[in-house]
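Engineer: Chain order of the listed sequences is A and B.
Residue 97 in this note's numbering sits at position 97 of the first sequence; the count goes up by one each step and never skips.
Residue 20 in this note's numbering sits at position 20 of the second sequence; the count goes up by one each step and never skips.
Hints were generated in silico from the structure; no laboratory data involved.
Computed from a predicted model, the values in this text were never measured in an experiment.
Keep in mind that a hint or two might mislead.
To be verified - Within a straight-line C-alpha distance of at most 27 Å, the following computed BS3-like cross-link-like pairs (lysine-lysine) qualify:
1) Lys-11(A) / Lys-104(B)
2) Lys-83(A) / Lys-63(B)
3) Lys-63(B) / Lys-44(A)
4) Lys-62(A) / Lys-71(B)
5) Lys-104(B) / Lys-3(B)
6) Lys-57(B) / Lys-44(A)
7) Lys-15(A) / Lys-71(A)
8) Lys-17(B) / Lys-44(A)
9) Lys-71(B) / Lys-78(A)
10) Lys-44(A) / Lys-3(B)
11) Lys-17(B) / Lys-104(B)
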Amino acid sequence: EAGVAQSPRYKIIEKRQSVAFWCNPISGHATLYWYQQILGQGPKLLIQFQNNGVVDDSQLPKDRFSAERLKGVDSTLKIQPAKLEDSAVYLCASSLDREETQYFGPGTRLLVL
Amino acid sequence: SQKIEQNSEALNIQEGKTATLTCNYTNYSPAYLQWYRQDPGRGPVFLLLIRENEKEKRKERLKVTFDTTLKQSLFHITASQPADSATYLCALCSNSGYALNFGKGTSLLVTP
Chain A
1 EAGVAQSPRY KIIEKRQSVA FWCNPISGHA TLYWYQQILG QGPKLLIQFQ NNGVVDDSQL
61 PKDRFSAERL KGVDSTLKIQ PAKLEDSAVY LCASSLDREE TQYFGPGTRL LVL
Chain B
1 SQKIEQNSEA LNIQEGKTAT LTCNYTNYSP AYLQWYRQDP GRGPVFLLLI RENEKEKRKE
61 RLKVTFDTTL KQSLFHITAS QPADSATYLC ALCSNSGYAL NFGKGTSLLV TP
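Using the sequences and the hints given, assemble the complete structure.
Structural biologist: Okay, here's the thing in structure tokens:
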């Protein structure tokens, strides 16, 4: 069974630029999550989708971050404009349903200069 | 405010010994608690889930306990091996929603 795929793996941008990350969850998984993990911290949930609807985006900085999940499968997370403090690893995870085990992708490491 | 606290200092133990990691929480009413392993440059990998009405769960060399009175979970790795060296994350799912809230993690180093 293929795991959660993410791209790109690494991205370096300058502050005020925009960036987008892509996630392909495990086939059949209804729930998709985006987390932000700052160095030395645990993952922090940014947004949670159930199929193509948003369940929880309470910690998403909506003035600069946006996310969508097209047709309930792939998802993109965008930051525009980026700030220095957005430097982190962005993890995508999926699960069969909201209470099930979450399977994480390898993450995208973002450095904002 | 809600807090999840894990040992901030790295845990160094000798191969063959039992590693015990602690997760304490405040202002949560967790429906369940999970433990994940994270290696450098990789995403977390699920290890064990324990529900609020369970006291203990085992899987091979791993054991998790959950004390909702003390608001604490203990994670044990018996007969530890150098391959067990990683960061271990505790995560809570509250009754009020389905989002996972993670602790900062504890780094474990098992030396031969």
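Engineer: Check each numbered hint from earlier against the structure, then list the numbers of those it violates in ascending order.
Structural biologist: 2, 4, 7, 8 and 9
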